Amino acid sequence: MSAIGSDTQLQSLIELAADDDAARQALLHHACDRLLRLTRKMFHDYPNLRRWEQTDEVFQNAMIRLHRALADVKPESVRHFFNLAAVQIRRELLDLVKHHFGPNGPGNKHHTDGQPADEAGGSLHDETDEPSDLQQWSEFHGRVESLPEAEQEIINLIWYEGLTQEEAAKLLDISVRTVKRRWHSARMKLHEVLSSDE
Amino acid sequence: MTSDEDTLADLLIQWEEILESGREVSANELCHDCPQLIEQLARRIKALKSTAWMNKTVDDDGDGGGDLPRNPVADDPPRTLAGRYRLDERIAEGGFAQVWRGYDLELLRTIAIKMPKASLVGAVESFMAEARRVARLKHPGIVPVYDVGRENDSCFIVSEFVEGGSLAERIKERLSQEQSTRWIAEIADALDYAHAHGVVHRDIKPANILIDHHGRALLADFGIAQSANKTGQFAPSLGTLAYMSPEQLAGKPVDPRSDIYSLGVLLCQLLTGKLPYDAHDQNSLRKEIVSGAIHLSSQIENPELRTT
Numbered sequence: 007m008s009a010i011g012s013d014t015q016l017q018s019l020i021e022l023a024a025d026d027d028a029a030r031q032a033l034l035h036h037a038c039d040r041l042l043r044l045t046r047k048m049f050h051d052y053p054n055l056r057r058w059e060q061t062d063e064v065f066q067n068a069m070i071r072l073h074r075a076l077a078d079v080k081p082e083s084v085r086h087f088f089n090l091a092a093v094q095i096r097r098e099l100l101d102l103v104k105h106h107f108g109p110n111g112p113g114n115k116h117h118t119d120g121q122p123a124d125e126a127g128g129s130l131h132d133e134t135d136e137p138s139d140l141q142q143w144s145e146f147h148g149r150v151e152s153l154p155e156a157e158q159e160i161i162n163l164i165w166y167e168g169l170t171q172e173e174a175a176k177l178l179d180i181s182v183r184t185v186k187r188r189w190h191s192a193r194m195k196l197h198e199v200l201s202s203d204e
Numbered sequence: 107m108t109s110d111e112d113t114l115a116d117l118l119i120q121w122e123e124i125l126e127s128g129r130e131v132s133a134n135e136l137c138h139d140c141p142q143l144i145e146q147l148a149r150r151i152k153a154l155k156s157t158a159w160m161n162k163t164v165d166d167d168g169d170g171g172g173d174l175p176r177n178p179v180a181d182d183p184p185r186t187l188a189g190r191y192r193l194d195e196r197i198a199e200g201g202f203a204q205v206w207r208g209y210d211l212e213l214l215r216t217i218a219i220k221m222p223k224a225s226l227v228g229a230v231e232s233f234m235a236e237a238r239r240v241a242r243l244k245h246p247g248i249v250p251v252y253d254v255g256r257e258n259d260s261c262f263i264v265s266e267f268v269e270g271g272s273l274a275e276r277i278k279e280r281l282s283q284e285q286s287t288r289w290i291a292e293i294a295d296a297l298d299y300a301h302a303h304g305v306v307h308r309d310i311k312p313a314n315i316l317i318d319h320h321g322r323a324l325l326a327d328f329g330i331a332q333s334a335n336k337t338g339q340f341a342p343s344l345g346t347l348a349y350m351s352p353e354q355l356a357g358k359p360v361d362p363r364s365d366i367y368s369l370g371v372l373l374c375q376l377l378t379g380k381l382p383y384d385a386h387d388q389n390s391l392r393k394e395i396v397s398g399a400i401h402l403s404s405q406i407e408n409p410e411l412r413t414t
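Quick note, the sequences are listed as chains A and B, same order.
Position one of the first sequence corresponds to residue 7 (the working numbering), numbered consecutively onward.
Position one of the second sequence corresponds to residue 107 (the working numbering), numbered consecutively onward.
Since the hints were derived computationally from the structure, they do not count as laboratory data.
Check each hint, because a few of them may be wrong.
Unchecked claim - To give an idea of the chain A side of the interface with chain B (calculated C-beta under 7 angstroms), a few residues: (1) Arg43; (2) Leu44; (3) Lys47; (4) His73; (5) Asp135; (6) Trp165; (7) Arg187; (8) Arg193.
These figures come from a predicted structure and were not determined experimentally.
In this text, a Cβ means the ideal position worked out from N, Cα and C, and glycines have one as well.
Using the sequences and the accompanying hints, generate a full structural model.
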């Protein structure tokens, strides 16, 4: 379960001072949990790699780096912390892809279910933009980086951090309707660049 | 006055709300008051459909959570390595390698064989170089390396098979003060020798201390963690977090003092029955280690020690 699973919990975190130790620990725990979940999702179609990620030092290394990066930051607010954490999580996910597609990366030998990506029917050929191999995931994370600030923040909060639209609205102090508009706008921009790469 | 952009944004929210209620509505239906926007709205609906996967909760993808299947035999090694070392039984699996009980078909003796996991195959050269260096360490408290070899893209290290199991199994029992301090002293002696020869262990923990049938403690996995770390592909696992030094956890260079810190944590655990930290989860444990928040227990939980 995510450490932040309800409006009440999020609200209490927001109300706590940024230097409140328990709140910071909860946020840190949440960030590590998100990295684990997003890694599993990214490696979903790579059963062999996914097993390695679960027990492998490469993933543990990523977790320790994430902790190091976030443990000592002095965030101005919970919103600031979430954005910092999302950037770090994205960086670790990109590093994991790079590791597995490096010169000796086992990902080079383990495409989806053993098929080359093209033969596996990459999702960009279907009606969904959902990445289906590690190269497409790398592309996705990179494209998020290039989104305008407001849209990138919405993706950070909703997709990387797993907040609901209502939680994001409270955190940003805007209406849920505005969150929906930015969420749509961000997704449309991502669709535009991801589908043009096809 | 509402701009086309505002209208389109509102229509998209309307489209989504209707979709969430279980019905799909077309751009034509939504744009009956603004037909000039049909084409743009249809394009945007298509974009949202293509990215609808982002609405799904990122969860465990139905794999049942943390208890994923263990690695298959890394990845399926041959049964006999280099035509000489037969793999009989996998006896341990760490974060970066598997250990097998095997049999040397030339010298007719039981051996231990360690093989890096496939994800570390890129580290073969430094793994082997380090194994060769460690093979030169000759000390009664260090598990001797007999041989190294290559097999396909990977490599393996052959060492003595220590029958008695590891300290990780013994630590569950009540150990006497005499027994605990003797084992720590033996390991400290082995570490002193290794440090004098320029080798830092980096992964001192109960699972890496083997107890032979004479009841003597031997240090295993010497320096192998170090070589893997040089490649940037390895860091001590969270499983050994409790024994890591602050500088190790902070990613700073480590030297023999790091091993001594880890041995101190282990000594504390053996004598008091618990780790010198109060943390109840990995996150707070990391924080306590980095901040140097050692809590030496005044309560000796080992009943035998209370009387000494």
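A quick look at each hint next to the structure:
Because the closest C-beta pair between Arg43 (chain A) and chain B is about 5 angstroms apart, less than 7 angstroms, the hint holds. With a cut of 7 angstroms, the hint placing Leu44 (chain A) at the interface with chain B holds, because the nearest CB-to-CB distance is about 6 angstroms. A distance limit of 7 angstroms between C-beta atoms decides the matter here; for Lys47 (chain A) the minimum to chain B is near 5 angstroms, and the interface restraint holds. For His73 (chain A), the interface hint holds, since its Cβ comes within 7 angstroms of a Cβ in chain B; the closest pair sits about 5 angstroms apart.
The criterion of a C-beta within 7 angstroms of any C-beta in chain B is met by Asp135 (chain A), whose closest approach is roughly 5 angstroms, and the hint holds. With a least beta-carbon distance of about 6 angstroms to chain B, the hint placing Trp165 (chain A) at the interface is held under the 7 angstroms criterion. With a least beta-carbon distance of about 5 angstroms to chain B, the hint placing Arg187 (chain A) at the interface is held under the 7 angstroms criterion. Hint on Arg193 (chain A) holds. Least Cβ distance to chain B is approximately 4 angstroms, under the 7 angstroms limit.
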